[in-house]
Amino acid sequence: MSLSPELSRIRDQVESVARSVGLDFFETIFEMVDYDTMNEIASYGGFPSRYPHWRFGMDYEQMSKGYRYGLQKIYELVINNDPCYAYLLDCNKTVDQKMVIAHVYGHSDFFKNNYWFSKTNRKMMDELANHGSRIQRYSDRFGEEEVEAFLDATLSIEDLIDPHSAFEVASAGVDLSGSEEEEEAGRLEAKSYMDRYINPPEFLEEQRERLVEKRLEREKGFPADPVRDVMLFLIRYAPLKDWERDILSMIREEAYYFVPQGQTKIMNEGWATFWHSRIMTEHCLKDSEIIDYADHHSGTVFTSPGRLNPYKLGLDLFRDIESRWNTGRFGREYEECDNLAARSAWNRDLGLGLEKVFEVRKTHNDVTFIDTFLTEEFCREHKLFTFHRDEKTGRHEIVSRRFEEVRRQLLFSLTNLGRPFIFVEDANFDNRGELLLAHRHEGIDLKGDHAQQTLRNIHRFWRRPVRLRTVRDGKGLLVTFDGKDVTEEGADPPAADS
Amino acid sequence: MLKIHRDHARFRKIVRGSIKKNLRQYITKGEMIGKKGGKFVSIPVPQIEIPRFRFGKNEGGGVGQGDGEEGESVRGEAGDREGTHILEVEVSLDDLAAIMAEELELPRIEPRGRMEIEEHRDRYTSLRRTGPESLRQFKKTYTAALKRQIASGIYDRENPVVVPIREDRRYRSWRTVEQPESSAVIIYMMDVSGSMGDEQKEIVRLESFWIDTWLCSQYKDIETRYIIHDAVAREVDRETFYATRESGGTKISSAYELCADLLDREFPVTEWNIYPFHFSDGDNWGGGDTEIALSILREKLLPVANQFSYGQVKSLYGTGQFIKDLREKAKDEENLVLSEIGSKDEIYESIRDFLKSGR
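Protein sequences appear in the order of chains A and B.
For reference, each letter of the first sequence is one residue, going 10 to 507 in this note's numbering.
For reference, each letter of the second sequence is one residue, going 1351 to 1709 in this note's numbering.
If you are wondering where the hints come from, they were derived from the structure by calculation, not from laboratory data.
By construction, the Cβ of each residue, glycine as well, lies at the ideal position given by its N, Cα and C atoms.
You can take every hint at face value.
Cross-link-like lysine-lysine pairs, in silico, DSBU-like; alpha carbons within 35 angstroms at most:
{"hint": "1", "chain 1": "A", "residue 1": "Lys321", "chain 2": "A", "residue 2": "Lys371"}
{"hint": "2", "chain 1": "B", "residue 1": "Lys1694", "chain 2": "B", "residue 2": "Lys1371"}
{"hint": "3", "chain 1": "A", "residue 1": "Lys493", "chain 2": "B", "residue 2": "Lys1694"}
{"hint": "4", "chain 1": "A", "residue 1": "Lys250", "chain 2": "B", "residue 2": "Lys1371"}
{"hint": "5", "chain 1": "A", "residue 1": "Lys493", "chain 2": "A", "residue 2": "Lys223"}
{"hint": "6", "chain 1": "B", "residue 1": "Lys1706", "chain 2": "B", "residue 2": "Lys1363"}
{"hint": "7", "chain 1": "A", "residue 1": "Lys274", "chain 2": "B", "residue 2": "Lys1353"}
{"hint": "8", "chain 1": "A", "residue 1": "Lys274", "chain 2": "A", "residue 2": "Lys121"}
{"hint": "9", "chain 1": "B", "residue 1": "Lys1694", "chain 2": "A", "residue 2": "Lys401"}
{"hint": "10", "chain 1": "B", "residue 1": "Lys1353", "chain 2": "A", "residue 2": "Lys128"}
{"hint": "11", "chain 1": "A", "residue 1": "Lys82", "chain 2": "A", "residue 2": "Lys295"}
{"hint": "12", "chain 1": "B", "residue 1": "Lys1389", "chain 2": "A", "residue 2": "Lys82"}
{"hint": "13", "chain 1": "A", "residue 1": "Lys74", "chain 2": "B", "residue 2": "Lys1570"}
{"hint": "14", "chain 1": "A", "residue 1": "Lys74", "chain 2": "B", "residue 2": "Lys1353"}
{"hint": "15", "chain 1": "A", "residue 1": "Lys132", "chain 2": "A", "residue 2": "Lys321"}
{"hint": "16", "chain 1": "A", "residue 1": "Lys493", "chain 2": "B", "residue 2": "Lys1379"}
{"hint": "17", "chain 1": "A", "residue 1": "Lys82", "chain 2": "B", "residue 2": "Lys1371"}
{"hint": "18", "chain 1": "A", "residue 1": "Lys250", "chain 2": "A", "residue 2": "Lys456"}
{"hint": "19", "chain 1": "B", "residue 1": "Lys1551", "chain 2": "B", "residue 2": "Lys1371"}
{"hint": "20", "chain 1": "A", "residue 1": "Lys121", "chain 2": "A", "residue 2": "Lys74"}
{"hint": "21", "chain 1": "A", "residue 1": "Lys456", "chain 2": "B", "residue 2": "Lys1379"}
{"hint": "22", "chain 1": "A", "residue 1": "Lys82", "chain 2": "B", "residue 2": "Lys1353"}
Cβ pair distances, simulated, as ranges:
{"hint": "23", "chain 1": "A", "residue 1": "Phe311", "chain 2": "B", "residue 2": "Lys1370", "range": "35 to 43 angstroms"}
{"hint": "24", "chain 1": "B", "residue 1": "Glu1589", "chain 2": "A", "residue 2": "Gln145", "range": "52 to 60 angstroms"}
{"hint": "25", "chain 1": "A", "residue 1": "Pro14", "chain 2": "B", "residue 2": "Glu1422", "range": "54 to 62 angstroms"}
{"hint": "26", "chain 1": "A", "residue 1": "Gly152", "chain 2": "B", "residue 2": "Glu1589", "range": "47 to 55 angstroms"}
{"hint": "27", "chain 1": "A", "residue 1": "Glu368", "chain 2": "B", "residue 2": "Ser1442", "range": "49 to 57 angstroms"}
All chains, full assembly: derive it from the sequences and hints.
Written out as structure tokens, the structure is:
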């Protein structure tokens, strides 16, 4: 449903204010939806026409439950697309909608201008709908259960991509030509009506596996360097059927599309909040709306004791940057000043704040954002600390308030989107065509049962034994799934620098 | 229908499969009991998620915000990251009963005919040409109008305006159905003498949960009553039933007598399906009480009950004699079901014993 006349007027007003303050966004289309539709769209990650899969149903179940019990409510959803789509919840108050619309323009500006989003497909709405119908077609043709099982396995490795390679790998599909050619090579010549008999599927399967083996033999010690993008590796080298390869490629493409959102969570929300608060308080609020606005806004940036709200962190950092560049609290002279009184009274009246925040939103992601702009003063002022979980009591204990510690911990949790680093190390392990993955251990062990299950799923693609080299409790460990059983044995730990 | 409902239905099906697969474990551990609220239970479901390589339990800490000294506990709830959570799904008791029926292969109960109460209910199932405007069926009315226009040649493809007239109107209409309706009463009796310990009571609690679930799915109305006894019996509420522990001796006849009174007073056999359950460790006082109990059972309880179920829970002290006596002296009674429960692991079989007859 499109906007009511009243909300259309509000949108026009907010839009022109947003432009006047310097935001530069995609054309943004607003839709009003009820909470059930909102939960549905949110379950699909913002795209109503995605492929069918039960995990979306699972998300939906949890979201609906959260809504019913009043625990959570999604006010808005914004999709990185050109035009940008935004969904508003139809039962919100008018002042809430106004604020949410301002918030949406902030996101839309961020999508359009932040460098990390620059390689994402801006027609993803269409692309995902295409994926949806392609997967639906496969599932009609090859059987729902077959396709679902394959999707389960695929989703299990959808995070085994290289988030930083989004700039090298065009996020479009993968070139399959090589493999198809080779597949054709295994096929015996036959007239089309006889093809089914001369080249039965089992036979083709065998040929395909033989080809892979041959290729692996050619390339001993393959790959030469460890490969981050495990998905791509499997797409290229695993003995897959065409539809399987296609599904892997589609899911990989979707995973890459969602990477920047994970990489800029703090910034993106911080930026949108920074602007909705400015647009509302300086331009759009009527006197009668102040209380409701303040109530809702404080809900967004609410920090329960001891907890870190990433949205608030982003907002505070942007505000801090603005004030520092307005007053000139940066650069060598300021850094080297160790007179506390002088530092806190520092003001060069530069007025560069606004310019700086726009620049920051263009070039940074969460990691570089924290790395560059989190300062000791900021840590102290906002009372940041690191904590750990005490194994005995099960309680969280404050470990340190030192700036370096806080920064290190924050950066660690953001690195690689908080996921472990996994590489393909050897695709011809033991000269037997087995796949060896390596986990680059950085202090935290993998969750054992999940790792085993994931290995089973990878075996689904590779069809030969699959191994993972990792570390548990400080000792090297080699986990193997040979198609029947999972075994674990001690091993040399993976090279730390792999 | 929203597209998500298909995925959601698929997810529910997977959940159902998982519950079914783990039913024995749920029955034995009783994880979901106590989370029962109204018509739903919340069930923790293991491993309905997509496995990934991810960090395990020694996943360091995080960054927080707020007051407190180094080394102190974090005030309030800590963590900038979700904790590990187990997926909990809500399942309706009816679904749970259905799952149970499939897994335990339980037949549906056929209520005894004499207890049927006719219930009248209106169902809107048909259409007619007259009726109040509030019941007008919009679609059917227009379909009828369209048909009439096509048939009479008024319909114009270029200008497809369909205008219903009086004769086209269709109204929803009802049919009164008589629904057989039956009610049941469950009477739980438990020995709370000294020899029944916490473990024994836990077994009874678990069994009764599943029995309730099953019988509730079979009858429109269910009443549950609780009787505890040692040497004397009294009727109590549910909480007291599980919480009471007496030190006295045991006279099973006292409970049977009270049960018979209760049925006589409040649950006439013509209106109710009757399910007495008795749990004890089988240790009855001598002095002929077993004989008395048997005769009450034969004369007053078995004739009115759909089924009388006796569960004997093994305890350290009990002789377990009562079940032997029953086996010996009442073996011809068709609607008497006996089950011995040695430990929690045997609850599963015991429930099947009690419910498999379809009575």
